Structure formats: structure tokens, C-alpha cells
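Participant: The sequence shown runs 1 to 365 under the numbering used here.
Mixed in with the good hints there might be a few duds.
List of simulated lysine to aspartate or glutamate pairs, EDC-like, C-alpha gap at most 20 Å [stated by the list, open to error]:
{"no.": "1", "residue 1": "Lys106", "residue 2": "Glu86"}
{"no.": "2", "residue 1": "Lys55", "residue 2": "Glu234"}
{"no.": "3", "residue 1": "Lys106", "residue 2": "Glu82"}
{"no.": "4", "residue 1": "Lys55", "residue 2": "Asp196"}
{"no.": "5", "residue 1": "Lys55", "residue 2": "Asp239"}
{"no.": "6", "residue 1": "Lys55", "residue 2": "Asp243"}
{"no.": "7", "residue 1": "Lys55", "residue 2": "Asp306"}
{"no.": "8", "residue 1": "Lys106", "residue 2": "Glu45"}
{"no.": "9", "residue 1": "Lys106", "residue 2": "Glu117"}
{"no.": "10", "residue 1": "Lys106", "residue 2": "Asp141"}
For the record, the hints were derived by calculation from the structure and aren't laboratory data. As the structure is a prediction and not an experimental result, all values here were calculated from the model.
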Amino acid sequence: MTKRLIVAIVLLAVVAGGLVGFNLFRDRMIEQALANRAAAPIPVETITTEAIAWKPMISAIGTINAAQGVELTVESAGILREIGFEANADVEAGQVLLRLDDEVQKADLAAARSRLELDRTTLARERELQSRGVASESRFDQALAAYSSAEAQLARAEAVIAQRRLIAPFDGTIGLPRVDPGAYVSPGTIIATLQDLDRMRVDFSLPEQTLPSLFIGQGLQARIDGEARAFNGEITGIDPRVDPGSRMVAVRGRIDNPERALTPGQFTRLQIDLPVEDGVIAVPQSAVTISLYGDFVYVVRPREKDPDMLEARQVFVTPGRRSNGDIEIVRGLDVGERIIVSGQNRLSNRAPVTLAETRAPVAGP
Numbered sequence: 001m002t003k004r005l006i007v008a009i010v011l012l013a014v015v016a017g018g019l020v021g022f023n024l025f026r027d028r029m030i031e032q033a034l035a036n037r038a039a040a041p042i043p044v045e046t047i048t049t050e051a052i053a054w055k056p057m058i059s060a061i062g063t064i065n066a067a068q069g070v071e072l073t074v075e076s077a078g079i080l081r082e083i084g085f086e087a088n089a090d091v092e093a094g095q096v097l098l099r100l101d102d103e104v105q106k107a108d109l110a111a112a113r114s115r116l117e118l119d120r121t122t123l124a125r126e127r128e129l130q131s132r133g134v135a136s137e138s139r140f141d142q143a144l145a146a147y148s149s150a151e152a153q154l155a156r157a158e159a160v161i162a163q164r165r166l167i168a169p170f171d172g173t174i175g176l177p178r179v180d181p182g183a184y185v186s187p188g189t190i191i192a193t194l195q196d197l198d199r200m201r202v203d204f205s206l207p208e209q210t211l212p213s214l215f216i217g218q219g220l221q222a223r224i225d226g227e228a229r230a231f232n233g234e235i236t237g238i239d240p241r242v243d244p245g246s247r248m249v250a251v252r253g254r255i256d257n258p259e260r261a262l263t264p265g266q267f268t269r270l271q272i273d274l275p276v277e278d279g280v281i282a283v284p285q286s287a288v289t290i291s292l293y294g295d296f297v298y299v300v301r302p303r304e305k306d307p308d309m310l311e312a313r314q315v316f317v318t319p320g321r322r323s324n325g326d327i328e329i330v331r332g333l334d335v336g337e338r339i340i341v342s343g344q345n346r347l348s349n350r351a352p353v354t355l356a357e358t359r360a361p362v363a364g365p
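Can you build the whole structure from these sequences, using the hints too?
Facilitator: Shown next as C-alpha cells:
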């Protein structure tokens with residue numbers, strides 16, 4: 001019994017050892033075969049670097065406002081009798097937009113005019129009597145003072161009447177009326193908004209480091225989400241003070257709006273033009289890989305041992321400014337380098353590559 005058990009154990013050990021040995025032999029042969037087989041070249045798209053004219057820009061976000069825009073209110077309290085405009089109508093400067101109840105004020109105006117006529121007649125009579133030498137100087141002075149006071153009272157009555165009307169301060173488009181005839185309104189009650197939609201302004205902020213690059217009259221472009229075209233304008237004002245809390249400086253620009261495509265209150269993305277710089281090396285942003293060890297690009301170069309074969313070399317670079325999908329390379333590349341712009345996720349340093357259909361060289365912003 002014991003002898004049979006020993007034989008069985010020996011046979012089992014031989015079989016197990018044979019299986020383990022076969023698996024080790026097979027794995028070693030596969031590893032040798034793969035090691036001796038050359039890796040298949042990876043097709044990549046490339047561009048050739050060249051010195052270009054770089055047009056840098058400063059990006060910002062801002063808010064569109066009307067060049068002239070106000071919320072209209074009345075100067076005095078009273079019952080609203082008449083509204084002289086419709087929503088979204090174009091109004092002219094000086095147009096009467098609404099009228100408050102002014103019966104009492106009209107009566108005061110009539111009384112002031114009557115008083116002025118009486119004092120004018122009295123002054124003319126006193127002037128004639130004085131010329132004849134039958135009136136004293138003091139009576140003439142009293143008549144003149146009464147006449148001047150009556151003129152002032154009439155001017156005051158006319159001013160009070162004018163305060164019972166709301167006048168358009170400039171040409172523009174008026175919004176929705178927020179009150180109805182018969183309502184009691186007081187100073188501070190918003191009647192409607194008036195906006196000049198032919199000329200717009202844009203307000204935005206920039207970091208204090210950009211101040212040396214800004215100047216009045218500098219060109220800018222505004223883009224609205226959902227609108228394909230860009231709206232051209234220029235900087236009209238730069239705040240002379242930097243906000244100590246945010247370290248930002250307030251800037252204002254002007255944008256023409258002849259087609260009224262822009263609306264006050266809209267969000268806009270801005271680009272501010274900077275002077276063109278020559279001799280800048282720039283590549284598409286897709287060509288630059290960001291890693292913990294630094295930013296790098298893949299450059300196509302011949303293999304050292306086989307110049308007929310191409311390989312991807314990992315080259316670390318110092319990126320600079322970005323504009324219109326391109327990125328400036330400050331250090332790391334020379335003119336004439338062939339840069340890989342797609343397929344980097346399949347590459348490693350010194351991986352064999354072949355050139356796919358080459359893209360056109362970068363032409364700059």
C-alpha cells in the first residue's frame with residue numbers, strides 16, 4: 001500500500017513538473033519571438049515649423065451696454081393722465097413721453113401770467129411818470145422789483161408745469177411701460193427704459209499686467225454666443241486705478257451696432273489686438289503634450305542606426321502665448337523641425353513612425 005502511494009506521488013510530480021516546464025519554455029519562446037520582431041511604424045500627421053508673423057491678442061469677457069441708456073422716472077408725484085409712447089418705439093429727444101395731472105399747476109401758471117401783465121403795465125406807467133418828473137425814484141424801484149418778482153414767479157410756474165411731463169432726453173428705443181394711466185407715481189418710480197441701440201459700449205476688466213499693452217483707440221473684437229460674426233470696436237476708456245482687491249483694471253470699449261444685432265446686457269467674449277511680432281515659432285496646441293515632467297512635443301527625426309527609418313523624439317519645450325488655436329514656443333524648437341500634430345497618444349520616445357498626409361504649415365493667427 002505504501003509503495004503504491006509513493007509511486008503515485010512520483011508520477012504526479014513528474015507530470016506537474018513537465019507541465020510547468022512546458023509553460024516556461026513556451027513563454028520564453030514567445031518572448032524571444034516578440035523581442036526579435038520589429039515594431040510596426042505608426043502613421044502620424046506633421047507640420048514643419050517656420051518663423052511667422054505672430055499677432056498676439058488679449059482675451060477677456062465683458063457685458064454689452066448701450067452707449068446711452070437710462071431708466072426713466074418723473075420729477076414730481078401725481079396721477080398719471082396720459083402715456084405718449086408704445087413699447088419698443090423709436091423716440092426723439094424732446095418728445096413728451098407721459099403727462100401727469102396738472103390742472104392746479106395750469107391755474108397757478110395763468111395767475112402768474114396775469115400778475116406779470118399787471119406789473120408790466122405798472123412799471124411802464126411809473127417809467128413814464130418818472131420821465132415827466134412827477135414820480136419819485138422809490139416808486140419806480142418798487143414797480144421794477146414787483147415786475148422782476150412776477151417774471152420769476154412765471155418762470156417757476158412754467159418749471160412746475162414742465163415737471164409734470166416726462167421728456168425723452170435723447171434719441172433711442174423705449175421699452176415696456178411699467179405704469180398705467182390713472183396710477184399714482186412718485187419720483188423714483190421706473191416708468192420705462194430708454195436705450196440708444198445704434199451705438200453700444202462694452203465694459204470688461206483685465207489683469208493689471210496688461211496695462212502697458214493698452215491704449216485709447218486700440219482695436220477689439222466682440223463675439224456673442226450663437227452669433228458667427230465678430231463685431232469690431234475700439235477701446236475708449238481705461239480706468240486710471242487698479243482695483244486693490246482683484247488686481248484688475250476696468251476698461252470700456254465702443255462698438256457700432258447699425259443692424260441692432262447687439263442687445264444691452266448681453267455677455268460677450270472679447271479679443272484685443274496687440275502689435276504684430278515677426279520671427280515667432282508657433283505650433284498648433286494639439287501638438288503640445290502637458291505632463292508632470294514638463295510640456296513636450298514629438299519631433300520626427302531619422303534613426304541614428306538606420307537613417308532611412310523615421311522615429312518620434314520627445315523634445316521638451318517652453319510654451320508661451322496662445323492665440324486662435326496656436327501656441328508660441330519660446331524655447332526648445334528651431335525653424336524647420338517636423339512636428340507631430342496628431343496621434344501622440346500612441347507614441348513613445350523613439351517609436352518608429354511613417355508620415356501620413358501632411359498638414360499645411362501653421363500660418364499664424
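Participant: Tell me the hint numbers this structure goes against, listed in increasing order.
Facilitator: Per hint list: 1, 4, 5, 6, 7, 8, 10 violated.
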